[in-house]
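Top line first, the protein sequences correspond to chains A and B.
Here numbering that gives the first Met the number 0 is used: the first residue of the first sequence is 0, the next is one more, and so on.
Here numbering that gives the first Met the number 0 is used: the first residue of the second sequence is 0, the next is one more, and so on.
The hints are simulated quantities; they were obtained by calculation from the structure and are not laboratory data.
Be a bit skeptical, because a hint or two may be false.
Identical copies carry no separate label here, and so any pair may be met within one copy or between two of them.
Stated by the list, open to error - With a Cα cut of at most 20 Å, we get these calculated SDA-like pairs of lysine to any residue: (1) K75 / G98; (2) K187 / E57; (3) K187 / G97; (4) K75 / D15; (5) K114 / N18; (6) K122 / Y101; (7) K1 / F262; (8) K1 / I240; (9) K1 / E49; (10) K122 / A245; (11) K260 / Y248; (12) K187 / S60; (13) K89 / I162; (14) K114 / D15; (15) K260 / G98; (16) K1 / K11; (17) K1 / K34; (18) K122 / P263; (19) K238 / G127; (20) K187 / F268.
No experiment lies behind these values; they were computed from the predicted model shown.
Protein chains: 2
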Amino acid sequence: MKRSERVSAIVKILSDSPNQSYSLGTFCQMFGAAKSSISEDLQAARNLLEKMELGYIETTSGAGGGVRFIPSISDKVFLELQMDLCEKLKEPARQLAGGFLYTSDIMFNARLMKKVAHAFARKFQDTGADYVVTIETKGIAVATMVSDLLNIPLVVIRRESKISEGSTVSINYFSGSSDRVQKMSIAKRAVEPGSRALIIDDFMRAGGSVKGIADILTEFDVEIVGTGLIIVTTEPERKTIPEYSALLYLAGIDPEKKELKVFPNIQFF
Amino acid sequence: MKRSERVSAIVKILSDSPNQSYSLGTFCQMFGAAKSSISEDLQAARNLLEKMELGYIETTSGAGGGVRFIPSISDKVFLELQMDLCEKLKEPARQLAGGFLYTSDIMFNARLMKKVAHAFARKFQDTGADYVVTIETKGIAVATMVSDLLNIPLVVIRRESKISEGSTVSINYFSGSSDRVQKMSIAKRAVEPGSRALIIDDFMRAGGSVKGIADILTEFDVEIVGTGLIIVTTEPERKTIPEYSALLYLAGIDPEKKELKVFPNIQFF
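Just chain A, same shape as in the assembly:
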């Protein structure tokens, strides 16, 4: 392979497997090239990705060292993403009876959720999270993408305990959104005591279900190192969890214009 081909190949391989470490030797063998050549290729790949504001190639030296791609998103693209999401959410046809909002098509828009996941990955890259944790159902697509970008497992908390989950731990919690007590259940084998979790979900009102996730993880002595949400309502102001990062804030519906009041969190990062 020629130099230009090697650089493209390295960009492709590293960015297809974000946060996965490759030794220099892997590339030397792959391309039949000397370490010095591969180092120059990596420098070219690094420069390009930084110029495009798509992320970083990080090199760690020593035994077990290697190179890995750390995905990111530029401030500009992030703001465009926030505005795009606000626009979509404001579409009048999304407003359902009872003040509910139809968001399933957005939350299961894989391409869009991949972008959102880049924002969460940038935000939570250095938290040392061992898992991404979400609760079924609408946060699963974005949580899957975050899990891929950070290269850590995804744990999905279920609403009911399933036989196929093996032995489980369940809790009941009060959900303000549905105004009733709900159940959540996690497979015992899904998490390791003493590990760290990053919670990702699509929507939060008072925080009942996120608090439930935190509570159930506490049973396993798991530390919450971050909580990322796509939409958080401004009311109630007081949430049941102390810290979280919202992409967007939702302030209800303007009673005159019937327009949704939703705006970007400009302090996300």
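Model the placement of chain B on the given structure of chain A, informed by the hints.
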């Protein structure tokens, strides 16, 4: 940007958004280069991706024409993936009481599901599907990845009708796995009458839930153009749906060795 940088950038941009069409003009503007140069860059990018067996760059001419990346997976990597999945599934600790198998960590392993999704994308690329459809919960990660690779929306059928789904259509179906009648529900606005759906799910025994998905989609006059499953049991031999593509076949547990009998479908493609 230099030629080598442009080629890497094009590889990155196209493969980050598979099946999304870009006009030549977009790249000309982005890099401040002439059409003839960009055409050469694209040829270099095309050669590289084909050499790496990662997919194809397709050019369509005429108004609305452009270039797009069609992701694929080589026969060799696909076979390795199948063997890897079989190995993982054979781990003795997965065997639960009642003949159930713990697979949640596999089905929510985003990196692994991205690979599986490449196999489904290769298989179903030319079906003309308008949506990927799955039913909650364990197929959502792989379905999300397929939806991203084919650049079509994902529709997730729910077990219960939720207020936030708006007006829904529900059916009851018999699930052999749980040996009881279950319900599934789809938002009316989620699918367009007369469109085409690709069903993706993690597991099929007799086919009750996949048949349910097909039935509920038929209510909307939606045609099923493909059905992809990760694991299909060999028993019962007669399934309730006529056609499907399984990555792996599961033939139960060897009563002597206590080992799971699972093997790759060598006729997948």
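Results of checking the hints against the structure:
1. K75 / G98: neither (32 Å within a copy, 52 Å between copies)
2. K187 / E57: neither (35 Å within a copy, 47 Å between copies)
3. K187 / G97: between (37 Å within a copy, 18 Å between copies)
4. K75 / D15: between (23 Å within a copy, 18 Å between copies)
5. K114 / N18: For K114 and N18, the Cα distance is within 20 Å both inside one copy (17 Å) and across copies (16 Å).
6. K122 / Y101: For K122 and Y101, neither the intra-copy (27 Å) nor the inter-copy (32 Å) Cα distance is at most 20 Å.
7. K1 / F262: Answer is neither; intra-copy 48 Å and inter-copy 40 Å both fail.
8. K1 / I240: neither (54 Å within a copy, 50 Å between copies)
9. K1 / E49: Close across copies (15 Å), not inside one copy (22 Å); limit 20 Å.
10. K122 / A245: within (11 Å within a copy, 38 Å between copies)
11. K260 / Y248: Classified as within: same-chain Cα gap 8 Å, cross-chain 50 Å, threshold 20 Å.
12. K187 / S60: neither (37 Å within a copy, 55 Å between copies)
13. K89 / I162: Between. Shortest inter-copy distance 19 Å satisfies the 20 Å Cα cut-off; intra-copy 41 Å does not.
14. K114 / D15: Answer is both; intra-copy 15 Å and inter-copy 10 Å each pass.
15. K260 / G98: within (12 Å within a copy, 51 Å between copies)
16. K1 / K11: both (15 Å within a copy, 18 Å between copies)
17. K1 / K34: Answer is within: at 15 Å inside a copy they meet the 20 Å cutoff, but 23 Å across does not.
18. K122 / P263: within (15 Å within a copy, 39 Å between copies)
19. K238 / G127: The answer is neither: 25 Å in one copy and 45 Å across copies each exceed 20 Å.
20. K187 / F268: Neither way: K187 and F268 sit 33 Å apart in one copy and 37 Å across, limit 20 Å.
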